[in-house]
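Participant: As given, the protein sequences belong to chains A and B, one line each in that order. No gaps in the numbering here: position 138 of the first sequence is 138 in the numbering used here, and each next residue is one more. No gaps in the numbering here: position 289 of the second sequence is 612 in the numbering used here, and each next residue is one more.
Note that these hints are calculated values from the structure, not bench results. Errors might be hidden in some of the hints.
Straight-line C-alpha distance at most 25 Å; calculated SDA-like pairs for lysine to any residue [to be verified]:
1. 399/B - 544/B
2. 193/A - 592/B
3. 630/B - 544/B
4. 263/A - 519/B
5. 630/B - 617/B
6. 261/A - 577/B
7. 193/A - 372/B
8. 78/A - 62/A
9. 123/A - 145/A
10. 263/A - 584/B
11. 263/A - 399/B
12. 193/A - 576/B
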Amino acid sequence: MAVLDIQKLSVSYATPRGELKALRDVSITVPDRKIVGIVGESGCGKSTLISAIIRLMAPNAHVGSGQVAFKGEDLLTKGEAQIRALRGTQISMVFQDPMQTHNPVLTVGRQMIDIQYRDALSKAEKRKRAVDMLALVGIPDPEARLNQYPFEFSGGMRQRIAIAMALMARPALLIADEPTTALDATLEVQIIKRLRELQDEIGCSILFISHHLGVIAELCDEVVVMYAGEVVEAGSVRDVFHSPAHPYTRALLECDPGHIKEKTRNLPTIPGNIPDLVNLPSGCIFAARCPRRFDACTARPAMAEASAGHGTACHLIGMEMTA
Amino acid sequence: MNTLLDISDVVVRFGVRGGVFRSAGTIDAVSGVSLKIEEGQTYGIVGESGSGKTTLARAVAGLHHASEGSILYLGKELRNLPETQFRKLRREIVMMFQDPIGSLSPRLSIKSLITEPFRIQGMTDRDLDAEARRLLQMVGLPPEFAARYPYQISGGQARRVGVARALALDPKLLIADEPTAGLDVSIQGEMLNLLARLQDELGLAIMIITHNLNVVRHITDRVGIMYLGKLVEEGDTDTVFASPQHPYTLALLAANPEPDPDAQLMRIELQGEPPSILRRPKGCEFHTRCPFAQARCAAEVPDWQVKGAAAHRCHFPSAWEENRMEKL
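With the rest of the complex left out, here is chain A (with noise of 0.2 Å):
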């Protein structure tokens, strides 16, 4: 069963504007025990998702309809009580910049056992999985290193020490919001190589996010592709980055500078910027910088298999199989 399943989420905010219409009729599954990758640019609506399904949303924000299921359970019906005692037990995340995440003027040895707090056991104890959990992560020395203070850390190991807290209940899910953007690209691959590590050893489901094309490949299982609010493909890793079905998937790897084998003054991009999210255009949401657009586009597409298990919103698709 998936651990988690989001279907149709809408999630707009209130503005001076008129209603900004962040997320609509988002659907993402996360299977259990597999890493799942969320790539978008800015705007698409990464950390609106991640606030709706952590249930930390802003006080202008609104979930017109939709649901998310996790476990089974819909967590837009429950309780502020119910949902304090999923978090950090069974949904746990890690932020992106690590050098915020702790609190400047406790060690971590402390913050590492206060956040057991809802666990009978004794301070020792408590201190024993903390040790093992540092171990786990990476972090030398793990012992001594409880009683130092956030500042004696590096960038990369504080990020560290955040998966480890973030691990220590053993939770089911794992929300990763672009936990190494903020990282050199050497600690960037040790990061990615112990999440993997860890997701195997503790067997929960990852909702990774990143706008770094190349670490969705090397760490997820699979893929959802974002833009302006909705999902515009998602699919298999293979499947996706291999075979792209929407425009805007294609463009996005084609720009990619790693994606690029000769050398090249003039990179591709995206001409035109993202949609106004209040006055929302009325067809695909992609079609004003889409180069394949054509009149069906005027309507907004439904999500289509373009192949099994992999799908896109798109109306090339319906296209080239009946062509």
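Fit chain B to the supplied structure of chain A, relying on the hints for placement.
Facilitator: Quick look at chain B alone, frame taken from chain A:
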């Protein structure tokens, strides 16, 4: 081609405040860097956080004092040049800072921001409205942007404004600190294409500081790889990418996940964390993280070895090649 910038053995030293019982010391954030930038060339400086790349750039722009060595700009020594004289040179050597929004004053209009260089240089005879239009057009922004304020524009547009301001006085050398950091890939390409186009049109040299090797590969002529304030490898970009000699260069190249799940990358995993610049390792400073380190690396400082179009600092430059053979 003329040499525009000739940096030799530059050291940038900072004082470190000691604790109560510790004496104050110094650190060399840039520790003996030499490189040359020709007119109209693009030079990439690559390295991780704390490698000293921004400090080096700021020393060239006169924002940090270089303690040792020399920085020759068209044969003129910039080190120890008094600020009053350096200010005149800032028509020719300009810097574009990393944080695009943060480097624009929130209380000035875009027009004031991009024409500020004229006022600072006392060029009051210019028609600032016309200059603003010219500069906005040059970076591909509509003229009505002149009346806007920084909070009304996007990150990508803010970077274009940064470019317009940097190029207002028709400089010879543009120092761009992480010009694409934090940009989406689609906009990153626009920014780099803009810089390439302006370079062709205006014939300016660009010193680009980045940790993104993919960017460097496409747009630079030469590249220098920095580690702990020193160059570990330097040379013609194509040569360095085709046959990296230093294991750190190799690790950086390998740490660049390709957007292809089946890419067979040679993974060079570095051990541990970057050492503190306060406690530089003995011998080769990279040996504590190098997967190919041998006994000699911990004892002897490797020499700077020139090999064809590139140069590097490593005792066993071919060690990784043997390793790769084994893997294949």
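Participant: Confirm or reject each hint.
Facilitator: Against the structure, the hints:
Distance check on the hinted pair: residue 399/B and residue 544/B sit about 24 Å apart at the alpha-carbon level, within 25 Å; holds. Taking the CA atoms of residue 193/A and residue 592/B, the gap is about 10 Å. The hint holds against a cut of 25 Å. Restraint check for residue 630/B and residue 544/B: satisfied, since their Cα atoms lie roughly 17 Å apart, inside the 25 Å limit. Only pairs whose Cα atoms come within 25 Å are accepted, and residue 263/A paired with residue 519/B is accepted, the gap being roughly 13 Å.
Only pairs whose Cα atoms come within 25 Å are accepted, and residue 630/B paired with residue 617/B is accepted, the gap being roughly 22 Å. Taking the CA atoms of residue 261/A and residue 577/B, the gap is about 15 Å. The hint holds against a cut of 25 Å. The straight-line distance between the Cα atoms of residue 193/A and residue 372/B is roughly 21 Å, inside the 25 Å bound, and the hint therefore holds. With a C-alpha separation of about 15 Å, the suggested pair residue 78/A and residue 62/A falls inside the 25 Å cut-off, and the hint holds.
Proximity of residue 123/A to residue 145/A is assessed by CA-CA distance (about 17 Å); at most 25 Å being required, the pair is judged to hold. For a cut-off of 25 Å, the pair hint linking residue 263/A to residue 584/B stands: about 22 Å separates their Cα positions. Our distance criterion of 25 Å between C-alpha atoms is broken by residue 263/A and residue 399/B, whose separation comes to about 34 Å. The straight-line distance between the Cα atoms of residue 193/A and residue 576/B is roughly 17 Å, inside the 25 Å bound, and the hint therefore holds.
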